[in-house]
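Q: Can you build the whole structure from these sequences, using the hints too?
Chains as they are written, first to last, in my numbering: chain A, 853 to 1339; chain B, 4 to 180; chain C, 5 to 1137; chain D, 18 to 236.
Hints may be right or wrong, so weigh each one.
Claimed, not checked - Straight-line C-alpha distance at most 30 Å; calculated BS3-like pairs for lysine-lysine: (1) B:Lys54 / A:Lys901; (2) C:Lys540 / D:Lys203; (3) D:Lys55 / C:Lys1014; (4) C:Lys1014 / D:Lys226; (5) B:Lys135 / A:Lys1066; (6) B:Lys54 / D:Lys195; (7) B:Lys173 / A:Lys893; (8) D:Lys24 / C:Lys1014; (9) C:Lys1014 / D:Lys28; (10) A:Lys1066 / D:Lys28; (11) D:Lys55 / D:Lys186; (12) D:Lys24 / B:Lys164.
Claimed, not checked - Interface residues of chain D toward chain A, partial, derived using beta-carbon atoms under 7 Å: (13) Leu21; (14) Pro54; (15) Ile181; (16) His184.
None of these hints come from the bench; they were simulated from the model. Cβ coordinates follow ideal geometry from the N, Cα and C atoms, glycine included.
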Amino acid sequence: MSHASEHAADAPAILREVKPAVLPRAVLVENNRSFSWITEKICGIIEGKTPTWWWVCFILACFVASFTVAGLTYLVATGVGVWGHANPVNWAWDIVNFVFWIGIGHAGTLISAILCLLRQKWRTSINRAAEAMTIFAVVCAAIFPVFHVGRIWYAWFLFPIPNSNIIWQNFRSPLEWDVFAVSTYGTVSVLFWYVGLIPDLAVLRDRFFATGNKFRSFLYGLFALGWRGSNRHWSNYEMAYLILAGVSTPLVLSVHTIVSFDFAVSLIPGWHTTIFPPYFVAGAIFSGFGMVMTLMLPLRAIYGLKDLITQYHIDCMCKITLATGTIVGYAYGMEFFIAWYSGNPYEGFAFINRAFGHYSWAYWIMISCNVITPQFFWFKAVRENTALVWVLSIFVNVGMWFERFVIIVTSLARDFLPSSWGYYSPSVVEIFTFFGTFGVFSVLFLLFIRFLPIMPMAELKAVTPQADVHGHGGTTGHGAAEVQQAH
Amino acid sequence: MAAQPHGLIATFETTPDLYHAAEQVRDAGYRHWDCITPFPVHGLDKAMGLKRSIVPRISLAGGITGFITGMTLIWWTGEVDYPLIVGGKPMFSPMFAFPVSYELTILFTAFATIIGMLVVNGLPRHYHPVLKYDHIVRGMDDTFFIVIESRDPRFNLANTKALLEKAGGKAITELEP
Amino acid sequence: MKRKFDHPAPSEREQLTGPKYWRSLDELTGTPGFKAQLEREFPEGADTLDGVDRRHFMKIMAASFALGGAGLAGCRRPEKFILPYGKSVEGVIPGLPSYYATAMPVRKWAVPLLAETHQGRPTKLEGNPSYLPHGGAASLTAQASILDLYDPDRATAHKQVGATISREQVDQLLATIGQTYGGTQGAGLAFLAEESSSPTRRRLVIALRAKFPRAIWSEYEPVTDTPPVQAAQAAFGAAVRPIYNFKAAKRIVSIDADFLQAEAGSLLYARAFSEGRRVTKKSDPMNRLYVAESGLSLTGSMADHRLRIASSHALAFAVKLASAVYPQSAEALAPYAQGVEIPQAWIDACAADLRANPGSSLVVAGSHLPPEVHALVYGINTAIEAIGSTVNFVADESTAGVSSLGGLATAMKAGSVKTLVVLGGNPAYNAPADLDWAALQKSVGEVVRVGYYADETSAVGATTHIVRAHYLESWGDARTVDGTVVPVQPMILPLFGGLTDIEVLARILGETNPDPYALVATTITALSGAGANTDKVMARFLHDGVLAGSAAKPVSVRFNANGARQTLAAVKPAATFSAKSLEVRFVCDHKMDDGRFANNGWLQECPDPITKISWDNAILVSPKLGKELGIYHANTGIQVARQEEAEFTMGKENARVFELTVGGRTVSGPVHIQPGLSNYTVVVPLGYGRTVTGHVGKGAGFSAYPLRTTEAMHVATGATLTDTKTRVLLANTQEHWSMEGRDIVREANYEPATMPDGKSYQENPGYVNTIGMESHAPSNLGPVGEKMSPPQRATQIPRGNSLYTTPQFGKKEDGYHQWGMSIDLNTCIGCNACVVACQAENNIPIVGKDQVMRGREMHWIRIDRYYSSGDIDGGAFGGEGNTTLPEEPQISLQPMTCVHCELAPCETVCPVNATVHDEEGLNVMAYNRCIGTRYCANNCPYKVRRFNFFNWNERKLDQLYLGPLGDSGMPELVKMGKNPEVTIRMRGVMEKCTYCVQRIQNAKIQHKVKMAQAGQPGEVRVPDGTIKTACQQTCPVDAIVFGDILDEQSDVSVAKKREQDYAVLGYLNVRPRTTYSGKLRNPNPKMPDYNALPMSRVEYDRKNVPQTHGHGAAAGAHGSPGNEKQAEKKGAH
Amino acid sequence: MSKLFPKSANKLPLQIIVYLVVLAGIATAGVTYYMTPKYSRVGYAPVQPVPFSHAQHVGEVGLDCRYCHSNVEKSGHSNVPTAQTCMNCHSIIKSTSPLLAPVRESYANGTPVPWVWIHQTPDYAYFNHSIHVNRGISCVECHGKVNEMDTVTHMQPLSMAFCIECHRKPETRLRDPKDVFNLNSKRLSEQGAEGAKKASDFVHDWKVKPPQSCSGCHR
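A: Below, the structure is given as structure tokens:
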């Protein structure tokens, strides 16, 4: 529509009188909210008094997070033995949790980057929170590979730092690739998120200054870098943002590809399979959207953001979940087919064992959560039932955790030599450590929603009708909510 | 400081107003002027006569540096400095060097992009006359401004003010330096 | 590499001045400084053992270095000190080990050993290669015995009624006993001793009897490992015992005899047996082993034909076999086999085989079997002309004049014993229950206990506990099973002032010179013949470690059928058994022996080779009995792998606890289902359930001694099992028993089947290559690599079909050797000696039962044990074959350790280059670089990498989870035993077999040094045979060969060139440097249980070859005749 | 708002960056210098219980290294002499010197003289003296000119880098085997073209291939 309008401006005068039929446009911000309504709404969350529920949640989250802190302290003080690992299962919950959290993180990047590239404007309302989720998920994820090593005080061996032992890293190891992939991912995600925050921080800087809160104004101002909304800046800024989105997209794909290489490059039956990279990426998107819904739907309800996170958004996310869930289901099937078709008895056994062996319970939890659950999203009625969507999204999260568990643990527990077969069960320490990461995540997320704009105001405003420079969007930038849409 | 003001600032209520005003200022031949908007206004670059950003070129340079860094690091450490036989794999192969080089490409691109953007924009710049404007808070919210700086050779307090008024600017004010 | 230190002749000074200690310590003992140092190093009293002066690594030499306290010299680093000797010590070069000959006495025999010492600390034991029959091998317990020397829980002080007494007081006490009873001719004095082969002790006992004719001298051993002399007395009219010559035996029948493990001389026999078993080329003969046994022993696991019979039916078996071998006797013997079902066809075919090989067949009966069985076996051996060829008899006077424990007990009950001297042993723990030894011992006025540990016997009414010296602290002598006299030479002064048995006896006797060295020297001089020079004889004796020409001479015997028949006179009819009336077979435990090694962590942690249970014993029951007892656990809904033999919940064997009742006596213990057992025989290993023992042995297993009575020491009948409804977790190191039809252990029959199928060794010596994925895939080496010679393959690493070109070893950095190993599965008997040898050599920690249950045992080499029955069902799902446990499994044993892959998957994945290849083809592990991601262990297809989940070396095993809140540090005593050549690993690092890299490097260095000094510095290649890995060196059957594969003449190259050499999981293209020689079985086609294919091969075919269901002939190259053969087998039963 | 940040604030970011860069540089240099063996070991010269002067014994009296360190050619460990070795001479020379009291005491009653250990390798690194001195590597390469030291001082870092450097290029360090214990001798490579030729012949004829992978030193 806007495309048509632009030309209309240069068209002969007569044509200006002819109003072309307006194509129905998805409403991204409902009820024709004004710019200042958006600002007020989003800044209001930060500026308002801290709600009691926030304190309750925060304290609860801190308590839960303390499990992780305690678990890791105990681990470092005592040894990896406090976890349930043993030969042959030398990786278990640690790496399961790592992949799980990294996967969750991916939806955030995906929403902000890929959708940005694809000009999917509906992303604007959720991308900030999704990116925050990415970062916090990467934080939670990074805990595990860092702490799962036997001698964490030598973890710096992983980085190519010159030293008097003159020995370097093994760049043939997928784990070394992981080091670079995850740290790049973390860094770029933070940068991308921060770049997106700069204009909004400037808003908060000025608003706090206006209300006389100089301390907070100073803090926000420090990080706003003196942003002043200059269009010359916006021009470079938008370009930089686009490039960041552009590099984030291959990044997000590469990160989970490399994570999947941890398994695909090895030779353990059930790991050694070329389908892993796409399958992991699809799984990551799947789990990521699951987590976005799990987080955003309650926020939407609590803060009354129904006009910003519209049914359209939920619909889109449900559909992506459905699509990626089906891809994942396809991959499950394909693994079996390839295992059978390869004629490799070890490979064949690994998959039969997954489905029917000692860990079959985990396998079937995975199948029901990942393959069956998303099929409900075929139905519009389901997609429109927010509560149900939320419940289903939790199933997705559970299912994806089990997927990693199934891949990692069942493959290791039953590999080549039956003499070394074993059974892994987690210790209390790792259960609590993992449980605690939800606390860590929540603490970070609560701090985020309390102190940072949970939606990109500038971007939201840019997708409102009144942002259109040719006046087709709305009556006025200051239009009150009650003013009806012009068309 | 009674001396030369920083410039003139005019307020516009809507994006179309701003857009048209910007076109007029552009056509009047000003160079040191700016629009202040709470969000990136689509098409305004054209209206202001801005050229395509050079940030992508910086990014490209960063990316190439990253890739070369990765490949060189891996080649040098594995093939030159301390060759070790690991799993019967070659001392160096672009195959296994690729993932790390790829990640470094992205990392360096991101750094280059952001640093490039900030440098090109002259940020961080915490002090700026525009930010001293009383109503700047609205400029971050829902109002649009055009600032024409006094260092512009065409700047003339009266003429410029007239131009802004003609373009529909309201509350035209001099900005302290 | 090993060399013996040539002891200089004793100086005159020694001759004059009483005490004589170990030769090379002699000079040391003269220096007060050394004594002071010893005192500081080995303080008396265990409570100070944990030591304040903590040293971190064992690199530090014993007497030449010590690290000072924790004080810091500035902020740079802790200040450490070098503490040189005050006076130079002859022959001691700090940094170089010395080797001395000694021997470990075991009951009536001994294992000759060579001890490696570092500055006076023995650190490792090897078999003494001078004793040729053992060829330098040592047994499992010999390997582990060094740990006892450094056991912090050993008795550390002489005690009298709880108070510590000095050595002088001990001497005084012993002298007093001698004086007191000298007047009574010994009346009231009694001795209870362990069995011993020591000539010196024998000499002293004779002297004792002369001096105290009324004193009682009794000997007791809870388990018997030599055949009863009364059987020989009856059969031959002479006190003789058999010595078998398995090397000459082509056909061997074992009647409940575990001669590879439990019999005296098992080391010798295992070695000889393997020589008849080893097949390196087609023309090599292979022996055939028939075993009829109740339990599943290591010998049984090697059997070509195995018959499960109750031990009580061994007589019936022997009778039937005798009848078949010598039909003339059938009629007379028939009554003794009545009521016992033994498959006649089995006996007939077996007997025919024996008869067909006269002079090269042998029948062996278990020592625990009653004399009548042995008498019959002597008859059979006479009939098959075995005597003089495959079995010889030597005089056995060890039982002359020795009272039994029962005799002593009677005297004690009668109150006629006033003073009892208990030399070693542990009767309070292991005496027959009907004697109620504890009470008896308490009733004696004075009990002088000479014991290594303050154990059960010391705890019940021992008035005096005298610390007994470890054999590595003792002067003594012993005889090997063939009678050869070997020295027991101390490596170190007694750490806690212990006495040896001979010293105790000498002091009681009031010998003028009770110094044990003098006692031994006297004996040896006498044994060497008249006029021998003591100094020369002793120097030679100690240097060689054997007394030349001292082996017992075979005596000629004549079988006396009538005499033998008399042994049958008292035989009662054989019992029949059912679930309500079971037979109990008490066996000497594989590791604990009779309980003497209960506090030995290496042995406790070493898994039983058959059950794979460590740290515990269990009541072993057959699968059939298991079903009848209702402990046969349910399957999972869909069975994807074969039924597990035990209930593994959460990966831990969760065994049910049953009460085992025999004759009103009850013990309770966990039940473990053990395939291969006689249906209603319950096997109970002895040696566990020690009540008074150290930290290690506490709580390990249950004691079965309370069930034993004088009448039923080894086999009891009429037992019942009752479920207590409780459960106990067992540390089982191998969860799954089936190979699942995989090509892991590749087997073939030695001879072609009646219908040749091309799968036997004789038809196709390269049969290993027809199994596995490699058999139908392009060669991993590629066409180029296939044409290369083995050394070329080792250095050039042909790329094969790989995407990558592989770096060659043939570059500038190339090594002059390429190491490789070959393991012969055909001779491996699964004795576990390699496991503990490796543990001793490489400072491998123990982790405790709890951690073993979790699967964190640290052994670098393990013996995988698989059962196969051929019953496996082709498909993964369900099928009866997958859901039943085999009752008659074939056993395949496979030592598994790091195979040093050339294209090692572990290396590829290590992010920090902590595990890489060296230029000589070793897959090396740099502990100090390892950060512990454990990725390598995941990616190891052989699962041989071991991770230090905790700081095993620094933490107490019961405090692992306490972290920093627990005690830290290794006891000083334990530190002494560590190998200074190997790094002690800290927590958080991975470790694994290194091919004993320390031995390789030292050998290379020593060779280069030698050649440089000899003016041939270019000769840098170490000659073949110089380097032996710890496992190889101790292997009694020489199953392991290690060496340089660049040298085409080396043993390992020769072994690898053999056609039956294969790489486990070869299809993965990891190119392991350790390859295996396929296993062979040699079944008799005429036997009813003949299988045309080994069961593992049948299972492989069933799993991997499309089922042909009766169209076997059409099955093509990978046809599956196993199915028919299986059917035949089933039909035969 | 700008009222919050003074004009000078605009210069701060750049200044901070410059400071950070400088600081990081200093920190890196500091760590590289102070935390590596080059600093932490070299120069270590503890006070010994007996002020034994190598300069006097070797440099002036002319004792061979092997007189005291008698097993260096046989053993991996170069032994520190026993008190008896000292007493061979000092029972006659300076037999009453109070400085030698610990040695006499040690000789008399065996109490070891607690020499402070200077050249330590880490516990996980195995260094063997015999192979080095028998194949052309002089004491001086690692220990420096001990013959000129009154107090033995740690001269080389003895870090892995130090070891590897030589193992990669043995020809640069080799000496004529007869010069190994002559601490004043020159390396072959320092003896001009002829020496360099000798060095490369040495490497070839003696098959000198020092290990560069882990197993050479770490077991």
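Q: For every hint, state whether the structure bears it out.
A: Here's how the hints hold up against the structure:
no.: 1; hint: B:Lys54 / A:Lys901; in the structure: violated, 45 Å
no.: 2; hint: C:Lys540 / D:Lys203; in the structure: violated, 51 Å
no.: 3; hint: D:Lys55 / C:Lys1014; in the structure: violated, 34 Å
no.: 4; hint: C:Lys1014 / D:Lys226; in the structure: holds, 17 Å
no.: 5; hint: B:Lys135 / A:Lys1066; in the structure: holds, 14 Å
no.: 6; hint: B:Lys54 / D:Lys195; in the structure: violated, 78 Å
no.: 7; hint: B:Lys173 / A:Lys893; in the structure: holds, 27 Å
no.: 8; hint: D:Lys24 / C:Lys1014; in the structure: violated, 80 Å
no.: 9; hint: C:Lys1014 / D:Lys28; in the structure: violated, 72 Å
no.: 10; hint: A:Lys1066 / D:Lys28; in the structure: holds, 21 Å
no.: 11; hint: D:Lys55 / D:Lys186; in the structure: holds, 20 Å
no.: 12; hint: D:Lys24 / B:Lys164; in the structure: holds, 27 Å
no.: 13; hint: Leu21; in the structure: holds, 6 Å
no.: 14; hint: Pro54; in the structure: holds, 6 Å
no.: 15; hint: Ile181; in the structure: holds, 6 Å
no.: 16; hint: His184; in the structure: violated, 11 Å
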